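So the sequence lines, in the order shown, correspond to chains G and C. Residue 174 in the numbering used here sits at position 174 of the first sequence, with consecutive numbering throughout. One gets the numbering used here by counting positions in the second sequence from 1 and adding 1000 to each.
Below are the DSBU-like pairs computed for lysine-lysine, each with C-alpha atoms no more than 30 Å apart in a straight line: (1) C:LYS1079 - C:LYS1113; (2) C:LYS1072 - C:LYS1113; (3) G:LYS36 - C:LYS1079; (4) G:LYS100 - C:LYS1072.
Simulated coverage check for chain C against chain G, where a stretch passes if three residues somewhere in it have a Cβ under 8 Å from a Cβ of chain G: (5) 1009-1016; (6) 1019-1026; (7) 1086-1092.
Calculated directly from the structure, the hints in this document are not laboratory data. In this text, all values refer to a predicted model and were calculated from it rather than measured experimentally. Idealized CB from N, CA, C, for every residue including glycine.
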Amino acid sequence: MNPTSPMVILVASILTNNILLAGFLGMCSFLACSTKIETAVGLGTAVTFVMVCTTTLNYLLYHYVLVPLELEFLAFILFIAVIAGFVQLVEMVMERFSPKLYHALGIFLPLITVNCAILGAALFMVIRNYNGIQSAAFGLGGGLGFLLAIVLMAGLREKMGYSNVPAPLRGTAVLMLITGVIAMTFMGFAGMITMQ
Amino acid sequence: MTIILLAMAVTTGLFLGMAVILLVAERHLVNYGTCQIIVNGGEQRFSVEGGGNLLAALLENNISIPASCGGKGMCGYCKVRVTAGGGALLPTETPFLSRRDIAIGTRLACQVKIRQDVSVNVPDFLDVISDMVRTGTFDKHAKWRFSIKGEEHEGF
Ligand code: FES
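Extracted from the complex, chain G is given alone in its bound form (with noise of 0.2 Å):
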């Protein structure tokens, strides 16, 4: 077992292991759906919770089922699965009752369907070892992270829609190199928090 304790995981994913920035987990979604803070806002809630509660439900589905039958190598397929059926399940339940936040945040959610850095966080979860509520701390502090990772870059997104871009730079050149900038800067907290 781990022996780190949750909240340290919990930050710790959030700055200095951030999925998306030290990771590169998930760049698909994080160029296409940042040109807005609100779009960029919506997604990344969205994929808060379904990285909790998938990371979690993979979490119970490794160690309960596929442990004790010897069938690891089944992992992918099946996490890939439950996130996939997860996500299709939560898409009827928040039509149904509450509409306002499936208009929010429903269209996002069949791309989160194939987002890699979920299923990332349940593979991660398995290497690391983490127990229950180290999986369900990992994931909230994924989730969180790719938040903060596509709002900052939403932000700069929007500003930079006054500024003069060198043409050969323009769209998706400009965009690598600020997540690259903003990488480096996260390497800043690297040292404050160790994980494994």
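Got chain G sorted already, so can you dock chain C with the ligand onto it with the hints?
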């Protein structure tokens, strides 16, 4: 050998379980019953199963709406005016609609989900074409040929 069987059993079991949960959820959560679609203020009306999108419902009942992307919300051709029951405008639609469009209730038919009775004004097919000609949103080099029987249509 046993491990393969076991793996198959677990995978099938999990998928089956999720499929059942989703089916039950669909039955109980997103069941809207039958809804009325009222076209052009009562000119035509028909009932469809709720839950689908407006574009599919219109096509099913032989009202053709141009939809070159097949209902993915990418082409922006499937504009109709929804006068009642369309729900809120979705962020996927805004890029294709001008402010005037939004003010008169224009929606992308493929993005409107039928949850209740919907009243919709469908543009006349010729209107759509003349609109495309005017704004130049079709391939100008292709040869277009059509004959119009009956009354004269102006505006081309
Ligand atoms: S069919 Fe293309 S946007 Fe609706």
